[in-house]
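Colleague: Could you put the whole structure together from the sequences, leaning on the hints where they help?
Residue numbers (my numbering), protein chains in the order written: chain A, 1 to 352; chain B, 1 to 217.
Keep in mind that a hint or two might mislead.
What the hints assert, rightly or not - Below, a sample of chain B positions facing chain A; criterion: calculated Cβ distance under 8 angstroms:
{"no.": "1", "residue": "T142"}
{"no.": "2", "residue": "A143"}
{"no.": "3", "residue": "D144"}
{"no.": "4", "residue": "A206"}
Claimed, not checked - Here are the computed lysine-lysine pairs in the DSS-like style, where the Cα-Cα straight-line distance is at most 30 angstroms:
{"no.": "5", "chain 1": "A", "residue 1": "K343", "chain 2": "B", "residue 2": "K98"}
{"no.": "6", "chain 1": "B", "residue 1": "K192", "chain 2": "B", "residue 2": "K213"}
{"no.": "7", "chain 1": "A", "residue 1": "K345", "chain 2": "B", "residue 2": "K39"}
{"no.": "8", "chain 1": "A", "residue 1": "K23", "chain 2": "A", "residue 2": "K223"}
{"no.": "9", "chain 1": "B", "residue 1": "K213", "chain 2": "A", "residue 2": "K346"}
{"no.": "10", "chain 1": "B", "residue 1": "K192", "chain 2": "B", "residue 2": "K98"}
{"no.": "11", "chain 1": "B", "residue 1": "K63", "chain 2": "B", "residue 2": "K213"}
{"no.": "12", "chain 1": "B", "residue 1": "K213", "chain 2": "B", "residue 2": "K98"}
{"no.": "13", "chain 1": "B", "residue 1": "K192", "chain 2": "A", "residue 2": "K343"}
{"no.": "14", "chain 1": "B", "residue 1": "K98", "chain 2": "A", "residue 2": "K346"}
{"no.": "15", "chain 1": "B", "residue 1": "K63", "chain 2": "A", "residue 2": "K345"}
{"no.": "16", "chain 1": "A", "residue 1": "K106", "chain 2": "A", "residue 2": "K185"}
{"no.": "17", "chain 1": "B", "residue 1": "K63", "chain 2": "A", "residue 2": "K343"}
{"no.": "18", "chain 1": "A", "residue 1": "K346", "chain 2": "B", "residue 2": "K63"}
{"no.": "19", "chain 1": "B", "residue 1": "K39", "chain 2": "A", "residue 2": "K343"}
{"no.": "20", "chain 1": "B", "residue 1": "K98", "chain 2": "B", "residue 2": "K205"}
Quick caveat, the hints were computed from the structure, so don't treat them as lab data. Backbone N, C-alpha and C fix where the C-beta goes; we use that ideal spot for every residue, glycine too.
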Amino acid sequence: MARLETVGEALARQGVSRRAFLKFCAATTSLMALPPSMIPRVAAALEAARRPSVIWLSFQECTGCTESLTRSDSPTVEGLIFDVISLDYHHTLLAAAGEAAELDRKQAMEENWGNYLVVVDGSIPLGNPGYSTIAGISNVDMLQETVEGAAAVVAVGTCAAFGGIPHADPNPTGAVGVGEIVKDKPIINVSGCPPIPVAITGVLAQYLTFGQLPEMDELGRPKAFFGQSIHDRCYRRPFYDNGQFAESFDDEGARAGWCLFKLGCKGPITYNACATVKWNSGTSFPIEAGHPCLGCAEPNFWDKGGFYQPLSEVEWGGWTQLGTAAAAGAAIGAASALAARSKQKKAREEEA
Amino acid sequence: MTLLDFARGPAMQWAFVIFGIGVAWRLVGMFLLLRDRAKARARRDAPVSDGTRAIIMRSVPPKELEHHIVFQHVSGYAWHIGFFVTILFFGPHMPFWKSILGFGWPTLPSEVITVVGAITIAVLIALLVRRLSHPVLRVISTADDYISVIVTILPLLTGLISYANIGFDKETNLALHLLSIVLVLVWFPFGKLMHLFLAFPTRYKAGADYGRKGVAA
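Modeller: Next comes the structure, spelled out in structure tokens:
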């Protein structure tokens, strides 16, 4: 039975050398902020781990999260780790569709009751069950039914974690993240639009290694990947410290690779591993490509002012509003001064 | 709406409205309450030179008192300069000024601003401690004095915390920094911070008045 194959066996079958596997274990151990002494334990545990059953639910999403994993930079060990999990249901990737696919999901649930992982990408619309359905089942019903026997839920991408773009004002579908619906199961939020592939595989690796979920921040994200801000690990940080900023996308500062804070970079308030892990096999990340961070790993990133509005720019109301306020203040001042003068005059007249 | 959204948006807008109303109220009220011109013959009719002289003279300590007030004198100038350097020449502050004024100016390296800001906070705290510990100063101090100093320290302190990214997360730190600026704007017209607008005009008025009073010897 394929489901009984270990991760080590599956990797060997796919041609991953022992050296490459250990290299992955070292990198994963480091990313998870574990001491180097844990590398052999991670390797041993991963090698011996049974392929966990994973049910992947895609709701209101753009498939970017799936694309991020499956098309990222194959073939990598991270990708293969993803491949060797027993992905029993993923309606985008499944050949089957409709009721046949649903049968797969139910079968996987029954066979692995209490042990399987549910991975969710996309938000869940609560406004009307008909906004998003799969095989005639509304997203919220499918989620509630599927998580019932799950060991844990991994919310992949900002939509699943916090509602994401569908949740953006005015949120026409009443979109919410998994955490708004699932209250009785451990949830790991791997946010990002899309999330970094290794963050997902890192979480899976930790789960396979230790049988427990990673340490998480207050937003339920694994601290190993979301523990530091983009700004703090950004290679352009020295320019921020030196007061060297790009003022526009085509000025000397932009060409020289100066800090993008004034062009609206949300790196200072965004917690993710983009600046360290990077994308496309560690090639670069948006800031390295000359674009400010949009803050996509944070809740409500779509509604946090303009993408190109600097964090220190305020909506102060404008000169007309200030002028009106000043005119009102001047009228009050004039009235109070005239009242005081009239009072003084009256007092003088009484004295005389 | 997050705390940062609130601080950057509605809180800042209302702060500017209160600031505008308050400052205009006090300035117009005080201007219209100026006494009528004295009817007595002027000893000297040179209000501009007398007023200007008073502004300059009162910006430096009298020679006979100089060695007694070195600390207040130096520390007063030090923190005022530090405060304005910090708010006007810190790079990330420039979008704030640009959003209001529509133009910007060159800024200083963040490390320089960090040092200047830290010194400014230290001087302000030293002055606050002195106010609390000096027997005479403590008696003549009012709530306004303490509130004004604390309200002035808060933006510097929250700014430094935000820059160093300690305590809360960066977003909360930034929101608290902006809210401390909101507090300055709201308190400004009603406390001693108003001296930003009143210090020089009142010195000028006093100098001009004293210049015309009395008789030529």
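Colleague: All hints, please: hold or fail.
Modeller: How the hints compare with the structure:
no., hint, result
1, T142, "22 angstroms, violated"
2, A143, "22 angstroms, violated"
3, D144, "19 angstroms, violated"
4, A206, "20 angstroms, violated"
5, A:K343 <-> B:K98, "45 angstroms, violated"
6, B:K192 <-> B:K213, "28 angstroms, holds"
7, A:K345 <-> B:K39, "17 angstroms, holds"
8, A:K23 <-> A:K223, "22 angstroms, holds"
9, B:K213 <-> A:K346, "27 angstroms, holds"
10, B:K192 <-> B:K98, "27 angstroms, holds"
11, B:K63 <-> B:K213, "24 angstroms, holds"
12, B:K213 <-> B:K98, "46 angstroms, violated"
13, B:K192 <-> A:K343, "27 angstroms, holds"
14, B:K98 <-> A:K346, "50 angstroms, violated"
15, B:K63 <-> A:K345, "43 angstroms, violated"
16, A:K106 <-> A:K185, "19 angstroms, holds"
17, B:K63 <-> A:K343, "43 angstroms, violated"
18, A:K346 <-> B:K63, "45 angstroms, violated"
19, B:K39 <-> A:K343, "21 angstroms, holds"
20, B:K98 <-> B:K205, "34 angstroms, violated"
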